[in-house]
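Using the sequences plus the hints, can you model the full thing?
Number of protein chains: 2
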Amino acid sequence: MKRSIAGAAATVSRRPRIADVRVTPIAFRDPPLLNVVGVHEPWALRSIIEVETDDGRIGLGESYGDLETLGNLARAQKQLVGLDPFDLNGLTAKVYEAVAGQPFAGQTFPPAGDKALASAIAAFEVAFLDLQGQIADRPLYEILGGAVRERVAYSAYLFYKFKQHKDDPGYPPDDWGEALTHAQMVDQTRRMVEEYGFGSIKLKAGVFEPDFEIDTLRAIAKAFPGYPLRIDPNGGWSVETTRRLMPKFEGLLEYLEDPVNSLDEAGEVAKFSTLPLATNMVTVAFGHIPKTVRLNAMQVILTDHHYWGGLRATQTLAHYGRTFGLGISMHSNSHLGISLAAMTHVGLTIPNLAYACDTHYPWQVEEVVEGGRANFRFEKGALAPPPGPGLGVRLDRAALATLHKQYVDCGIRKRDDAKEMRKYRPDWKSDRPRF
Amino acid sequence: MKRSIAGAAATVSRRPRIADVRVTPIAFRDPPLLNVVGVHEPWALRSIIEVETDDGRIGLGESYGDLETLGNLARAQKQLVGLDPFDLNGLTAKVYEAVAGQPFAGQTFPPAGDKALASAIAAFEVAFLDLQGQIADRPLYEILGGAVRERVAYSAYLFYKFKQHKDDPGYPPDDWGEALTHAQMVDQTRRMVEEYGFGSIKLKAGVFEPDFEIDTLRAIAKAFPGYPLRIDPNGGWSVETTRRLMPKFEGLLEYLEDPVNSLDEAGEVAKFSTLPLATNMVTVAFGHIPKTVRLNAMQVILTDHHYWGGLRATQTLAHYGRTFGLGISMHSNSHLGISLAAMTHVGLTIPNLAYACDTHYPWQVEEVVEGGRANFRFEKGALAPPPGPGLGVRLDRAALATLHKQYVDCGIRKRDDAKEMRKYRPDWKSDRPRF
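Top line first, the protein sequences correspond to chains A and B.
Per the working numbering, residue 1 is the first one in the first sequence, and the count goes up by one each step.
Per the working numbering, residue 1 is the first one in the second sequence, and the count goes up by one each step.
Note that these hints are calculated values from the structure, not bench results.
Do not take every clue at face value.
Note: identical chains are not told apart, hence a pair may lie in one copy or across any two.
[Stated by the list, open to error] Calculated lysine-lysine pairs in the DSSO-like style (CA-CA distance at most 30 Å, straight line):
1. 271 - 291
2. 414 - 163
3. 419 - 115
And the structure:
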């Protein structure tokens with residue numbers, strides 16, 4: 001900081017500074033959930049970020065656990081020492097320099113996107129904001145501009161699944177059982193709705209022939225009339241397959257998520273779609289927005305603070321939604337409570353969050369925060385953030401040690417659902433479009 | 001606030017609440033500056049906003065002083081009592097309801113724009129943010145995410161002007177003298193550059209035949225080689241006039257601001273323009289962004305927190321600039337120090353603020369803040385914010401009373417530069433395009 005700003009700072013009280021940043025890779029149990037690429041491995045990877053100030057406060061973040069993310073976080077983390085936790089521009093500039101080797105002061109976002117860079121910023125930004133809340137003695141949603149609702153609605157996230165993992169992961173099979181038939185999927189839906197009270201339902205698809213999956217949706221719609229439904233084949237269909245299926249979705253779906261695997265193809269689908277199209281795959285960075293708008297390719301954007309650049313960026317993305325008439329929903333990967341708290345805090349503050357948000361949380365059994373999963377009590381499918389300043393969660397160090405040991409021991413360093421699927425079907429290929 | 005959120009709040013300390021909101025219209029001396037519409041009246045109108053908490057803090061804002069703005073502020077101000085100064089969403093919702101009679105939770109910004117609504121939000125938002133800074137004991141730029149530069153560059157804002165007002169306003173003529181010839185305008189530039197150190201120069205145009213104004217620019221360019229120049233005829237030219245003039249601007253201008261008076265016309269100009277086009281007239285609300293982008297009508301957007309919705313909205317607008325490859329600069333009306341402090345704080349935080357900002361401040365002689373104009377010391381044309389928490393300025397109540405009395409006495413209730421011009425030229429018409 002130069003003279004003039006230091007002059008302003010001199011008249012206010014001393015601020016806490018970042019003294020240490022720690023990133024711990026973890027692995028937690030994950031069920032054999034099926035998707036277009038393959039099947040979830042027995043361990044899901046994440047990283048737990050701790051940003052500690054010189055007065056002993058610890059801000060928390062949670063991000064991806066793959067080697068690329070860990071490498072980016074490692075490159076940036078030591079550069080953050082000395083920053084003020086309110087200095088999000090300083091954080092962003094440091095990560096730009098460390099990860100991308102370029103200055104933050106550049107004029108535009110790259111058209112090809114900057115997902116890896118934005119993900120690294122986001123991982124730390126949540127921890128900085130957690131610290132801001134702790135320092136100001138306010139829940140994070142207040143730091144973010146205040147709540148426009150009292151709870152954030154989440155949706156049931158259905159997966160076709162195997163009964164158990166192919167190789168024994170050293171822990172007992174999950175208690176959800178096999179879900180490969182329409183009846184089993186209706187049972188899965190019933191448990192989701194009864195245990196969590198979800199009022200919206202999303203089917204992870206692209207696993208079976210589309211007509212089979214549509215029959216699953218029809219069975220669910222019959223068992224749960226009036227529940228908004230969505231299907232997400234993760235870009236597993238061709239434009240022509242999507243065209244053939246479109247009439248079957250009318251009156252059945254709330255929106256159609258990522259039927260195809262590129263923005264150009266999505267633009268083609270948009271020309272004939274009779275449904276809102278949603279994405280978390282082809283429009284995933286601000287650099288993609290101009291083309292998305294030009295093609296009128298999407299009607300719903302799924303925010304995700306983990307890769308859009310953080311909680312402030314998520315709010316900004318929702319603002320773009322207001323400007324361009326795009327609906328706003330929220331995407332999820334397998335995650336634990338730090339992410340769920342962050343998603344819930346920001347979800348409270350977005351005026352145009354028009355759809356129930358995705359979460360994988362019901363599929364997890366482990367936690368890394370003090371008090372465990374009891375921090376998160378869904379009521380009618382909706383969640384209030386844990387009470388207290390900042391995120392409202394604290395790290396359970398014993399749990400962190402256990403989850404880190406699982407990371408070390410499991411040997412997985414990069415998620416590979418296709419490789420896992422080849423244990424069941426040696427000829428498995430995850431080329432898209434599959435159908 | 002409902003139960004679940006109150007639950008979170010219960011575990012943190014009690015927050016200050018808004019106890020009173022005051023809006024005081026003021027009038028301050030303004031020189032007879034010429035523009036496409038006419039000439040500045042002897043008194044410029046503003047409103048001073050005070051938002052007081054129940055623990056005695058006062059947050060300040062400054063906005064327009066016309067009757068429409070005062071009416072909107074009056075409709076909203078009492079609705080804000082009881083809010084937490086961190087609750088910008090609550091503020092926005094209250095102003096939406098009071099001013100527009102509609103809920104904030106709507107999906108999109110109106111394509112026709114919402115400048116009056118956004119202006120009312122902004123007037124209070126600055127005061128709320130000032131309070132946030134005071135409560136957190138931090139300068140406002142830290143609340144806004146941290147400074148990316150130590151000072152904000154402003155530009156010399158040149159006006160053709162009369163020596164003195166037609167009717168005696170009851171105060172002596174300003175000491176700038178007449179500026180109606182090229183030589184007088186070079187003298188004006190010299191004083192601006194010598195007193196303030198400005199490194200960029202903008203000419204308010206649309207007053208004389210365009211070729212005369214271009215000759216003024218050429219005289220200034222000759223006297224101040226290497227200084228970036230701009231011209232702003234405030235939409236006073238036709239598309240065809242702009243086409244004819246375009247070759248004369250090459251090598252002379254940094255950007256061309258609002259040559260024409262509508263977004264459709266700007267789209268026409270953009271097709272043949274060899275210069276970046278800038279605007280504070282035809283793209284003035286987020287609802288205008290989609291068409292602006294579709295027409296590729298603008299290359300530079302002039303932010304102005306007073307009508308874009310506040311300081312957070314200004315940052316968001318700058319983010320749109322990064323996404324869509326639009327340069328970011330800043331617009332000004334006649335204003336006092338509360339606005340200048342707010343402009344400077346937010347300017348510190350915008351990574352892609354690529355041009356020196358406009359300010360009318362050199363044309364003013366009065367102030368409403370304690371310490372007066374000495375709060376703002378330009379160095380090489382750039383300004384650091386006043387030191388201290390929040391905006392860094394406090395209200396001078398004696399000055400406020402004087403300026404309010406001037407408002408009461410002057411009788412002006414709506415700026416009307418055309419009416420004022422008819423005192424000099426009874427046949428004056430302010431139709432656009434003039435040329």
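Outcome of the hint check:
Taking the shortest Cα distances, residue 271 and residue 291 sit within 30 Å of each other both inside one copy (15 Å) and across copies (20 Å). Only within a single protomer do residue 414 and residue 163 lie at most 30 Å apart by alpha-carbon distance; the minimum there is 23 Å, versus 74 Å between protomers. In this assembly of identical chains, residue 419 and residue 115 lie within 30 Å of each other by CA distance solely inside one copy; the values are 24 Å within and 55 Å between copies.
In the structure shown, no violation is registered for any of the earlier numbered hints.
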